[in-house]
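Student: Please model the complete structure; the sequences and the hints are all you need to start from.
2 protein chains.
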Amino acid sequence: MFEKKENAPANPNVPSLRFPTRALSNVKYDAKVGYFELGRGQTARALSVNTVKSFAQTLRLMAISKEMVENNDFATKREAYYVSKNWGECKFNEQVESDTVMDDIEALASLEGLSREQLRYYPEEHGGSVAGSLVVIDADAETGKPLEIDCTGFGSGSYSIPHSVEHLGFKTDAKFILAIETGGMFQRLNNHKFWRSFNCILIETAGVPTRATRRFIRKLSDDCKLAVYAFNDCDPYGISNIYRTLKVGSGNAAHINRFFCVPQASFLGVTPQDITEYKLPTHPLKDVDVKRAKDALKNDPFFKIHKRWAAAMEQLVKMGVRAEQQALARWGLNYVIDEYLPRKLKAVDAFLP
Amino acid sequence: MFEKKENAPANPNVPSLRFPTRALSNVKYDAKVGYFELGRGQTARALSVNTVKSFAQTLRLMAISKEMVENNDFATKREAYYVSKNWGECKFNEQVESDTVMDDIEALASLEGLSREQLRYYPEEHGGSVAGSLVVIDADAETGKPLEIDCTGFGSGSYSIPHSVEHLGFKTDAKFILAIETGGMFQRLNNHKFWRSFNCILIETAGVPTRATRRFIRKLSDDCKLAVYAFNDCDPYGISNIYRTLKVGSGNAAHINRFFCVPQASFLGVTPQDITEYKLPTHPLKDVDVKRAKDALKNDPFFKIHKRWAAAMEQLVKMGVRAEQQALARWGLNYVIDEYLPRKLKAVDAFLP
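Residue numbers (the working numbering), protein chains in the order written: chain P, 46 to 398; chain X, 46 to 398.
These are calculated hints, taken from the structure and not from any lab test.
Every residue gets a Cβ at the ideal spot worked out from N, C-alpha and C, and that includes glycine.
There's no promise every hint is true.
To be verified - Below, a list of computed lysine to aspartate or glutamate pairs in the DMTMM-like style, where the Cα atoms sit at most 25 Å apart:
1) X/K238 to P/D195
2) X/K324 to P/E139
3) X/K238 to P/E112
4) X/K324 to P/E169
Said to hold, decoys possible - Restraint ranges, calculated between C-beta atoms of paired labels, are given here:
5) P/R388 to X/E157: 38 to 44 Å
6) P/G189 to X/V253: 34 to 40 Å
7) P/G296 to X/V94: 58 to 64 Å
8) X/A68 to P/G296: 49 to 55 Å
9) P/K111 to X/T321: 31 to 37 Å
10) P/G189 to X/N344: 51 to 57 Å
11) P/G189 to X/Q140: 49 to 55 Å
12) X/M364 to P/E157: 43 to 49 Å
13) P/I182 to X/S242: 21 to 27 Å
14) P/K111 to X/A395: 38 to 44 Å
15) P/A184 to X/E193: 19 to 25 Å
Tutor: Have a look at this one:
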């Protein structure tokens, strides 16, 4: 769709836009920050007869962003696509077109430390649920007055993270964030007020955490200097997708990792070692699980950087099984609260990185 | 797994359990209540050498339920399966076995007006998000003290419905519940405080509403005499699955419909008529959409009972297109708030049933 020229010199006679290159060849793992980042490569898009449409679309999306910031409004990526239907010949025919332009704008803004959400383009999905020792500080959309939301006060319910969290502030004396994979486990820990006995904040990620959930965890952890512990199922998908994405982000989306991954996270469990130690009921690994694990061990820099993770994944493949966090119920419904978590939390330095 | 004898006479010399028959042949659409209900057919399970294991499993699951009620605890269906791993020879080998027993227990309890959640077996998934003119009354899990949760106080965030809602109470002066299919639309209406200008309660269903969401809507509507309007995408799946399940439940799960469907719901939009009237951008129906629509028209009693729905679905198939609720953004991001919803809400009697 665009005329792409990597590192092309700007021609001063032709209007052009310059974006960071999003191709994998321009992505580097940065050990200092602990995640995959865009390199310095740039893509120039010169205005020509062939590019006039996409050039105009880019400027239009940027103009809408400006308008939305002024009016304190927002649009989902889907809505942005539909809004273009009134642009005459300049309209997007498919959402994949508007998404590509949006990703470039997002990459550009990220260099200035601005997330897409700050440009007021929101994800379709909101964040997970939160309960525990935390006051979220939001602002009334009309008056701008601060609004305190006490996450200890929702009984069996919880606080649902909004689609964008950049404007939120936090007050807490909690010691850590526990990011929990399943809704059932979150409800158990919430109903038994685990967050009070262990002075922590519970966040349900519901499988792979959404953008909003990841950003919320990252911002909360950064702002309040909180450790982040992940409590997931033990299987190749849970490790190489759910946890890895939370911790270091992905190469394909390097332009957002700066905001959306949580390099300070560590892995409480369930570990392959736990399966043996706690004699957990298991299910056999499927062929697709084994393939995923082997692919990850061979190709994913995450496992090259973190030798302990490589060893753990190899151990899991050798064991040929997987286990869910609910499997701890084998020893009683609240064994997880009375035994497993307290024992684990006595040795956080031993957590997988 | 069970020796099933429909309507078998009880043999007084052999211990037996009697459950409502869950087969489709025993399901009737009850026009008075407005949904599919179990008929009076019963299945007897006599204790014999062949059934001793499942007989024992059934009694064990019932005994755990009693314990959980006494201890104010709960288990997800998944946890219940794992708990059985300590039952020796009596353990479940697959979750499908424990689910079958659980469904029968649920059907039995439903005849007494008790939901599975009241037996303390919770679904894995929590409910959707809530914002607006509503105070939810929960109770502190330890002290039992009432706890008031004001759903106008969550800023850009919202209240996340717990896994079980039977114990909740409500205070509201709202006029209706708006059940919204997509998270993006929910966030728009919440950020612009649509719930205040129209004195209503917004509930995000996020596609097919979970058990907890459906029960929450039903209970809130019953307790506070509130109308329920659904605001969905316009496509065969949205109509014949998402909306239909909300309104009348399903034949396959007739034993839960009494609690989990909302016969008082009506359909605000997007209707096939809206697509024409509001000149919405559309996508062509796929073959699978057309097949789904034709199957529903031919076989689903919902469309036989509601002629207006049959006509609307036929119109959609004839048009050959589908439209999303976000498509209204074609006329501006907040057209839905400024024009579409106010116009629609002036003629609620015209809503599809």
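Student: All hints are to be evaluated individually against the structure, with a verdict given for each.
Tutor: Hint check:
Straight-line distance between C-alpha atoms of X/K238 and P/D195 comes to about 20 Å, which keeps the hinted pair within the 25 Å bound. At most 25 Å may separate the alpha-carbon atoms for a hinted pair to count; X/K324 and P/E139 meet this at roughly 18 Å. Among the hinted pairs, X/K238 with P/E112 is consistent with the structure: their alpha-carbon atoms are about 20 Å apart, no more than 25 Å. Restraint check for X/K324 and P/E169: satisfied, since their Cα atoms lie roughly 23 Å apart, inside the 25 Å limit.
Against the hinted window of 38 to 44 Å, the Cβ-Cβ separation of P/R388 and X/E157 comes to about 42 Å, which satisfies the hint. For the pair P/G189 and X/V253, the beta carbons lie near 37 Å from each other, so the given range of 34 to 40 Å is met. Range check, P/G296 to X/V94: Cβ separation about 60 Å, and the 58 to 64 Å hint holds. Between X/A68 and P/G296 the beta carbons are some 52 Å apart, a value that agrees with the proposed interval 49 to 55 Å.
In this structure, P/K111 and X/T321 meet the distance hint of 31 to 37 Å, their C-beta atoms being roughly 34 Å apart. A hinted range of 51 to 57 Å for the beta carbons of P/G189 and X/N344 is consistent with their spacing of about 55 Å. Remark: the range hint 49 to 55 Å for P/G189 to X/Q140 is upheld by a beta-carbon distance near 50 Å. A hinted range of 43 to 49 Å holds for the C-beta pair X/M364 and P/E157, which are about 45 Å apart.
Taking 21 to 27 Å as the suggested C-beta distance range, the pair P/I182 and X/S242 conforms, at roughly 25 Å. Between P/K111 and X/A395 the C-beta distance comes to about 40 Å, which sits within the given range of 38 to 44 Å. The given range of 19 to 25 Å is respected by P/A184 and X/E193, whose C-beta atoms sit roughly 23 Å from each other.
The structure shown violates none of the earlier numbered hints.
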